Amino acid sequence: MSEEILVNVTPMETRVAVVDNGVTQDIHIERSVSLGMVGNIYAGKVLRVLPGMQAAFVDIGADRSSFIHVSDIHDPGVEGRARSSDAIGDHLHEGKKVIVQVTKDPLGSKGARLTTELSVSSRYLVFMPQTSHVGVSQRIDDAEERTRLQALLTAGLAAEEMDGQGGYILRTAAEGVGLEEIQADLRFLKRLWAAVSRRAKAARKAELLYSELPLHMRTVRDLARPGVERILIDSRESFTALQEFCGEYMPEVSGLLEHYPGERPLFDLHGIEEDIQRALSRKVGLKSGGYLVIDQTEAMTTIDVNTGSFVGRRNLEETIFKTNLEAATMLARQLRIRNLGGIIIIDFIDMRDEEHRRQVHRSLEKAMARDPARNKITDVSALGLVEMTRKRTRESLQQLLCEDCPVCQGRGMLKTAETVCYEIFREIMRDARAYEADSLLVLACQGVIDRLLDEESANVADLEEFIGKSISLRVEPDNNPEHFDIVLL
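Residue numbering for the sequence shown follows full-length UniProt numbering, beginning at 1 and increasing consecutively.
These aren't lab readings, by the way, just hints derived from the structure by calculation. As the structure is a computational prediction, the values presented were derived from the model and not from experiment. The reader is advised that the hints may include incorrect statements.
[Stated by the list, open to error] Label-pair ranges, simulated between beta-carbon atoms:
(1) 53 x 298: 14 to 22 Å
(2) 197 x 265: 37 to 45 Å
(3) 265 x 374: 40 to 48 Å
(4) 164 x 38: 25 to 33 Å
(5) 369 x 293: 19 to 27 Å
(6) 109 x 72: 16 to 24 Å
(7) 53 x 191: 34 to 42 Å
(8) 261 x 407: 40 to 48 Å
(9) 376 x 281: 23 to 31 Å
(10) 2 x 274: 17 to 25 Å
(11) 129 x 20: 31 to 39 Å
(12) 376 x 2: 25 to 33 Å
[What the hints assert, rightly or not] Here are the computed lysine-lysine pairs in the BS3-like style, where the Cα-Cα straight-line distance is at most 25 Å:
(13) 366 x 287
(14) 391 x 376
(15) 201 x 190
Cβ atoms here follow ideal geometry from the backbone N, Cα and C, with glycine treated the same way.
Turn these sequences into a full structure, and let the hints steer you where they fit.
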């Protein structure tokens, strides 16, 4: 595996692309006007307790109230045992000051999701001040390496006299590191948490206590794993900042950093801009000629697989099988690029051969195994669908870059000119009965007026005779295709 990380920095936004053998696998975007909140720690104030939902709304100083469920409230002194109470009212009341951390960014109309189980991260460790658990990332499979790392962490805690001062998890990036690196991280986390604790005690209103690193630094901290050959940054200022950051916290990554001084934009050079545009399209083409149709809704995402122009060489069953195999790999990549989460329903083309179904399912599992977001895939359902879930922690690419169409209001469909004409006829009938007027003026877009003057001209004439009033027409070029006005004259 040969991976590159491309970092495009401007004053307005930072964009990061993970590229594997020339193919874009992941895209992250952070805009300066709407920085992500996940990982931030706030002093908050409880605004409203909802016993029926076992949850509460909390003011953390953001535009929208944030949300916390009773299951996300840390219960001191009961680690490893049953909770003392599952009633939200036993933990929170209106006006109470709480120290909380964001686990999910605001999505759509929903505020941020919160927890009181706090944690802060370094290169190799996650520190959890409210627990005593010490563990190793599940992504480190080697049993000997897990044992070695746990022993190193125990030794590091003893050397730094930090035993019993919180819990720790060794991150995936810790694989292969030594005691010196772990001790450096422990000292950093100790200083960091001391600063957060001081701010928390001094806070008198809803305010930010700790913010996560900016995207380009988080990228180096979290994504610079074994297999990454280089990290290319197109901003001299950000490159220098990353050099200093890596020199202090991640010296082994410093050699991967490269500054890109070229005149041609970095994302254009590597085809990332085209991949972003394709990721906003509903239809995704496959090399074979087949295609996917991806529809993102509030409840779930649906993916439909079609053979398209692919006719195959042998028979229909083989054509369907090959299309489904290619689709399984492509849709796993699209889920990462688009950052689609929640419930995902995949409608593969029906396959009669049981072995073909198993191979397509295995291919999907293999493709999704490389996805850093936690996911779960079910077997093929009785209706021939594959259901899966993918953890959602931030807005999708579409939610981040797009908004609902002001004309169709997000429906993706518009009424035909014929439908609007008939709505106009019905409105004229209502107005003619309800108001006294000598004539009526219809204001509508060009397409609707053209139809009224052409295909519907006989209906307009019949209507004039029926209501006993003249009807005149005028084009309003600024009107959207569904909007019209009727003026009484």
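*Which hints from the list above does the structure break, by number from lowest to highest?*
Those not satisfied come down to hint 3.
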